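There are 2 protein chains.
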Amino acid sequence: MWDGSSNANLPWFKSHKSRVPETDIRDAEAYEFVENGETRPFVSETRTVHKDIAYEDGSTIDWLREEAAERERKRLIGTQRGLHGLLALLQDSAGMWLVIILTGLGIGVVGAWLDVLVKWLGDLREGRCAYGFFYNQVACCSGLDPGEICNEWQSWSQYLGVRSIFGQSLLQAAIYISLSSTSSIQIVFAGSSAVLVKTYAPYAFHTGIPEIKAILSGYVLDAFLGPWVLLIKALGLALAVASGLSLGKEGPLVHVACCWAYLLSRLLRQSGQNEVRKRKLLAAAAAAGVSVAFGSPLGGVLFGLEELDAFFDDGDVMWRGFVTSVIAAVSLQYIDPFGTSKLVLFQVSESGSTWRAFELVPWVFLAVVGGLLGSLLIKLNTAAAVYRRHSVLHDWPIVEVIGFTAITAAISYLVVFLRVQSSELVANLFLECDPAKGDYHGLCNPTATWANIFLLVLTALVKIGFTAWTFGMMIPAGIFLPTIAIGACLGRAVGLITQAWHRAYPNAWIFSSCPPDPTVRCISPGFYAIIGASAMLGGVTRMTISLVVILFELTGALSHVLPIMISVMVSKWVADAFGKDGIYSTWIAMRQYPWLPAREFRDKGQTAAHVMKAASNLVVIHDDGQGCTIKELDELVKRHTYHGFPVLYGDQLLGFVLRDKLRSCIDSMLAEDSNMDRKCTFQPPSRASGSDNSISDLSPLLDEAVLQLRKDVPLELVVNMFQKLNLRHILFSEGGKLTGMVTKTDIVWLLTAGAPHAGALAEKQF
Amino acid sequence: MWDGSSNANLPWFKSHKSRVPETDIRDAEAYEFVENGETRPFVSETRTVHKDIAYEDGSTIDWLREEAAERERKRLIGTQRGLHGLLALLQDSAGMWLVIILTGLGIGVVGAWLDVLVKWLGDLREGRCAYGFFYNQVACCSGLDPGEICNEWQSWSQYLGVRSIFGQSLLQAAIYISLSSTSSIQIVFAGSSAVLVKTYAPYAFHTGIPEIKAILSGYVLDAFLGPWVLLIKALGLALAVASGLSLGKEGPLVHVACCWAYLLSRLLRQSGQNEVRKRKLLAAAAAAGVSVAFGSPLGGVLFGLEELDAFFDDGDVMWRGFVTSVIAAVSLQYIDPFGTSKLVLFQVSESGSTWRAFELVPWVFLAVVGGLLGSLLIKLNTAAAVYRRHSVLHDWPIVEVIGFTAITAAISYLVVFLRVQSSELVANLFLECDPAKGDYHGLCNPTATWANIFLLVLTALVKIGFTAWTFGMMIPAGIFLPTIAIGACLGRAVGLITQAWHRAYPNAWIFSSCPPDPTVRCISPGFYAIIGASAMLGGVTRMTISLVVILFELTGALSHVLPIMISVMVSKWVADAFGKDGIYSTWIAMRQYPWLPAREFRDKGQTAAHVMKAASNLVVIHDDGQGCTIKELDELVKRHTYHGFPVLYGDQLLGFVLRDKLRSCIDSMLAEDSNMDRKCTFQPPSRASGSDNSISDLSPLLDEAVLQLRKDVPLELVVNMFQKLNLRHILFSEGGKLTGMVTKTDIVWLLTAGAPHAGALAEKQF
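The listed protein sequences derive, respectively, from chains A and B. Position 326 (the first sequence) corresponds to 326 in the working numbering; numbering is contiguous. Position 81 (the second sequence) corresponds to 81 in the working numbering; numbering is contiguous.
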C-alpha cells in the first residue's frame, strides 16, 4: 500500500521475478507537487489513437487496439463534411484498391518472370541468344514459322567461333561437362542461392509459410517482409529450382507475394502503421501467391481461408483476396510463360473420365500409404532440422547446401525418374499413355511394367529422403512439388500394378465392370498418380478443402473430384493418428512463434487456474488514490519488459495498462516537464480523491476492453476465446479482486508443448 | 439485502418491470432448515451437462453452453477405454458421416425429382404415358432409336379413344383450353400450391433463406424444419414453378435440403439435443442445397460461408459442407434429369471468349443499372409485403395467389419473352446467335433489333413488378431465377444496342480494337446478358465471391470471370448507397429475427452505456450468504421470462444464472423433497458461511463463462464481440459491482432499427 513510509522498494509494484538489482532506486517519499496554476489533463480524450507506437519485431499485436484505431481512422474520414470529406473517402478506398490491383498484377508478373528465369538458367547450359544474352531459347526463336531453323540461338561453340568439327565437339563437351554433365552447374546454382540467402537476407530461406501464418495471426516480424528479402528470395528461388534439388517454388512464391504487397503498401503509404490493415493486405497477397503458384485462383482463396486462417471472419477481406487472386492468375495467363495459354499446369487427358467402384480399393490403399509416408516425411524432416541445428552443419550452411546438391545430383544420375525436373516428371506421370504421343523414358513400355514399378517406388523413397533433408537448408525451398512428385510416383506404381493385374486376369469377377473389349482402357494409371499426389499432400500438409480445389484446378480433373476427396480425407485421418500437426504447424512449433493452432482443444477437466499466473506472481501497479510518481512508473517500465501491467486500487482491479502506452505517455510528460516527482493516478477523475489538480489523470491509458473472467472457467473455453478473439491476455477476477492473468504465450505453450521438438529451433540465429 | 425482516416483497430480487401482481407471494421469513443428517450437494459436479433442457421455439441458443456440452460429450466418449471406447468413437464419427453422405445423396435425388416433377406437370397438359401415368414424355419414350415413333405417349384424345378427326380436334381443343390455353392450369397449380401451404405447412411459404440464416445464427425454430414442411415445400415448389409465376426454385431448395438433413439426423439420432451440432449439420445441408440448385458445388460452400455465415470458424464444418455439396452434385449429375449429363445449367458458347477494353463502358453502365434496379426491387418488395400485411389480402392468401396468377398469365400472354419459362428464357439469352441453331422467338433477327430491345426492356420492367409482388405470397418462391432473368433481359438489350452501334459505325475509334473483318463477331450480346444477370443479382442479394463463383459454375464462363467480378462489385457499391441490406437481410429485419448482420458497425462515439440496461432496471437475485428459499426462486422463475438473472452477493456480482437451468434445478429439488422452504445459496462452498450443511449449494448453476466489461467500452467493440462470439449477453461491472447488462436483442435492435419497415411483419401469424 502507498503510505509514504515504505522504502528501498517501490511500494506500488510487486514483483517476484525482477532480476534487475534494486540498488539504484531512490527511496520513495510522499511530498507535495506544486502545479503551475493550470490543470492540464494531458491525455484529454478518452479515445486517443496512438499512431506513434510501433511494435518491435518479435512482439504480438493487440488486435482489439489496432481494430479500434482503424475504426477511429475511418470515423474521422467519415466525419469530414462536404466535397473534402467525399474526396478523402474516395482516396482512402481507391488507394486500398490500387494496392490490391497492383499486388495482383505484380504477383502474376513475378510468377511468370520466375518461370522464364528458371527456363533461361536451364538453357544457359546449352548456349546463348545472338541478339540478347537474357533471352532463353524459346523467346529467342519466337516469331519463326514452324520448321524454320532458328539462327538466332547459338550454341556455345557457334558463339565462340570454333569451326572445326573436332574443336566444336571438344568445346561443347568441355562446356557441357564443366557446366552441366553431372552436377557442377547445379552446384553452382545451389551454392549461389545459399550465398545470396546467407549473406544478404537470411529470412529468405525455407518456405516462408510458417512465418506468414504466424504474422497473419498477429506476430510482428517486419524484417521478414523487407524489399531485400523479396529480391533475394525471388532470385535465390530461381537458382534453387534450377539446381535440381528436391524442392518446389510454391511456398516461397507466397512469401514473395507477401513481400511485394508489403513493399507496395509502404510505397503508397496505404497500410500506414495499422497492423490489422497490413495483415488484411498480406492475406490477400498470400492468396494471390497460391493462385499464381498453382494457377488456381479459387484454391488461393480457400488456402487463405483454411491454412492461413486469414480472413478474420470478414467478407471484405475474402473478397479482396479473391480479386487479387483472379488478377494475378489473369496476368500470369496473359504473360503466358509456358506458351500453352492455359492456367492448368498439369492437364489431364479426358480419356479416363469414368471410374469403377472396385478402383476405390487401390485408391484407399494409396490414401493410407500417403498418410503414413506423409507422417514419416514430417518426422524425418523434423529430425533432420534438429540434427542440423545441433551439429557442425549449423555453422557451415553453404557447405551443406553445396555438399547435398552434389549428393543429390550423383544419386539422381542413377535413376532416370530422379534425373528429370520434378515438374516435368509430374506432368508425365499424370498423363495417360498414348502411342501417338510417344513414350516418356520407357514409362509406357508394356513389357517393362515391373521394372517401371520398381523404379517408381525407388524414386519415391529416395525423394522422401532428399526432401526431408532439403526442406530446411539455407535456400528458398517449397515442399509442395516434391510431395506431389513422391505421391505421383507411388500412385502411378499402384496404377501399373492394378493395370497389370487386369491384363493378366481380365475375366476376374473384380474386373467385371470393365468394358469387355480388351483394347478399351479400363484402368487409368495417370489418374492413380493424381490420387497418390493428393494422398501424399493430405498427409504432409493436412489441408482438406483447399487441397482438393487446388488439385482439381491444377489438373482440370473435375469429374474425379469425389475420389480425390476420399483420398485426401483418408490420408489426413491416417496421418492424424501419428501426430496432429501438418508440416507447417510443426515448423511453427519448432520455431516457437506465438501462433495458436485453430484445432479444437480439449482439457481433461482443468480450469483456467491450471495455466493462470496467480496475482501474487504478477507485476502490478498499486494505486490507492494518493497517486504515484512519474519516476516510479518510469522505473517500472524500464525494469520490466512485460507488455502490460494490471492496475489495482487497494485490492480492487482497476484495469490494465499497456507498457508501450505507458512509456510513450511518460516520455511525453517528461518532455513537457522534467519533474520526475510529478504525481499521477489511474483513478477516473470522478472517483479520484477530491479536486486535487496536482495529480495527472492517467485513467484514459487503461485498456478499454480488457476481458475479466472467473478462474473456474473451463480451460477449453479460455483457449477457445484466445483462438476466436485474437486476445493477448485475459484477467481473472473474483468480486472485483484480481486473481490472476493468462497471456497468449501461456496458451501457445499449452497447445504446442506436446509437439515433438517444440521450440527446438526457437533461438536460432540466422 | 437479505435480512429476514423485509416482507410483502421478495427481498432478493428487484424488478422495475414485473407485471405479475404480487399478492400471492408469501412473506419471506428466515428459518432453520433441518437437514436429514446427510449432506447432499445435489449439483455435485462442477460441469454438469444439462441434456434435458430443450429450447423453446423463438428463443436463442446459448452457443458457449452448447459447445461446452458437445465438448463434454466427446470427452466422455474419449475416456472410454479399450475396444468399447474405440467402437463408441467409431460409431460417433461414422454416424455423423452417414448423415452427411445421406444428406448429400438425398438432396441430389430431391433436386432431380423436382426437375422431373416440373417437367411432368408441364407435359400433363398434353397427354399421358401408356404404361404409367407418372412418366413424363421424355421418360415414357426413352429407349427408342432416333426417328422411331413413340407409341407409348398418348395424347388425351388417343387415350380417351376418340377416333374421328373432328371429335379428336374438339376434345384436344377443349382439354387444351380448359387445362392450359391461357391460364387456367397455371391457376390450378398455383392455387393447389397455396392451399397445400396454407393448410398443412405455413412455414413452407417464401424462400426460407432468411429463416435459415436466423436459425444458423442461433435462433430456435424447429417447426420450420419438420417433415411436413419438407413434403409440402417440395410439392408446393414444383406446382409453383409449373404455374408460370415469376419465381425460382433455388432458395426453397435450400430450405428443403435443411428439412431433409434435420429429418435424417432425428431418424439416425445424430444431432441429439445439441443445438450446435444440429446447426453444423444444417450448414452442410444448406451448402448442398445451393450446390444442387445451381449445379455449383463450390458455389454452395462459398454461399454457406459468405451469405449464411455458417461455418463458425471451423474448418471441419466447411469440409463437411464441401463433401455434402459434391455428393449432392454428383448424384444430381448421375440421375441427370435434363438428359445433358452436365452440371452446367446455362452453357455458354465458347465463341465469345475474348473481350475488348471498351466493352467495360457498357458493362459498368449495366452494373450501375443493376445496382439501382436491384435496390428498387428490394424497396418494391418490402412495400408490397407491408401493404399485404395491413390490407384485406392478409386474410385471403389463397385468393391473392389465384388472382395474381391470373394477372401474371394474362399480362405474360402479351409479350413473347414473358410467356416462356424463365429458365428457358435465361438459357437462350445467354447463348450467342448462331444461324445453324435457329432463331429463338426472333431474338436473333438482325432486322428487328430495336423491336427486340424494346421487348427485352419491357420484359425486364414487367418482371420487376411481378417479382416484387410474388416474392412473399403464400407459396414457396425463390428470387434468384427471376432476378437472373431480369438482369439477362437488360444485359442482352444493352448488348444489342452496342452491337447495333458497332454495325452502324464499324470504323469509329472506339471499335478500333475489333477485328477488321465484319463477318467476325466483335460484340457478344449473350455475354452482356450474363453481365446483366450478375449485376442484378449483386444489387438484390449483395453477395460477392459466392455470387461470382455460382455464376461461373452456372455458365462455365471461366474466361470472363474478371468482368463478372467488376459488375458484381460496382452493382453492390451502387446498391449499398441506397440501403445496406440485401433482400434476405431486409426480410430478417421485417420479421425481426434475432440475427446480427455481419457488417461492420461504427458508433458515433457512444459507449456501451448507450444500449446498456442499468443495474437498477434489472431483475437480479440477491444472495448475502444466508441463502434464499426454493419458493422464492420458484416464484422468480415463474414470474419472469428473461432467459437469465445476474446473481449478487451484497453489492458484489457473483455471476449469472440461466432461467432454464435454475428451473430444471428447482424442479428436480422439489421432486426429491417438496419442502418449499429449503434454503439455497449461490456462494461457492469455500466462501459460504461456515459448514452449514442445511443450505444447498447452487454455485455450480452459475454460468461459467459470463463476460464482464467496463461500461465505458466503445459500443463498436460490444457489437463486435456479440458478432464474433455468438454471445447472448454481456454483464458490465466496475470494481466487482454490477452496473448493467446488454443482451443480443438490444444489439439486434440497435443494428436493425434503422432499416425501413423493421419489424413490420414481426407478429405475423402463419
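What the hints contain is simulated information worked out from the structure, not anything from laboratory work. Model, not experiment: these values are computed from the prediction. Among the clues, some could well be false.
Pairs involving identical chains hold if they fit within one copy or between any two copies, as the list cannot separate such chains.
When the alpha-carbon atoms are kept at most 27 Å apart in a straight line, the in silico DSS-like pairs for lysine-lysine are as follows [as the list claims (entries may be wrong)]:
1. K638 to K119
2. K631 to K724
3. K744 to K679
4. K724 to K711
5. K631 to K711
6. K74 to K724
7. K580 to K119
So, going through the hints one by one against the coordinates:
1. Taking CA atoms no more than 27 Å apart as the test, K638 paired with K119 passes in neither setting, with 55 Å inside one copy and 79 Å between copies.
2. Within a single copy, K631 and K724 get their C-alpha atoms no closer than 38 Å, and across copies no closer than 41 Å, so neither meets the 27 Å cut-off.
3. In the homo-oligomer, the alpha carbons of K744 and K679 never lie at most 27 Å apart, since the shortest distance is 33 Å inside one protomer and 42 Å across protomers.
4. Taking the closest pair of Cα atoms, K724 and K711 come within 27 Å of each other both inside a single copy (19 Å) and across two copies (22 Å).
5. Taking CA atoms no more than 27 Å apart as the test, K631 paired with K711 passes in neither setting, with 34 Å inside one copy and 31 Å between copies.
6. In the homo-oligomer, the alpha carbons of K74 and K724 lie at most 27 Å apart both inside one protomer (24 Å) and across protomers (21 Å), since each shortest distance falls under that limit.
7. Taking the closest pair of Cα atoms, K580 and K119 never come within 27 Å of each other, the shortest separation being 38 Å inside a single copy and 50 Å across copies.
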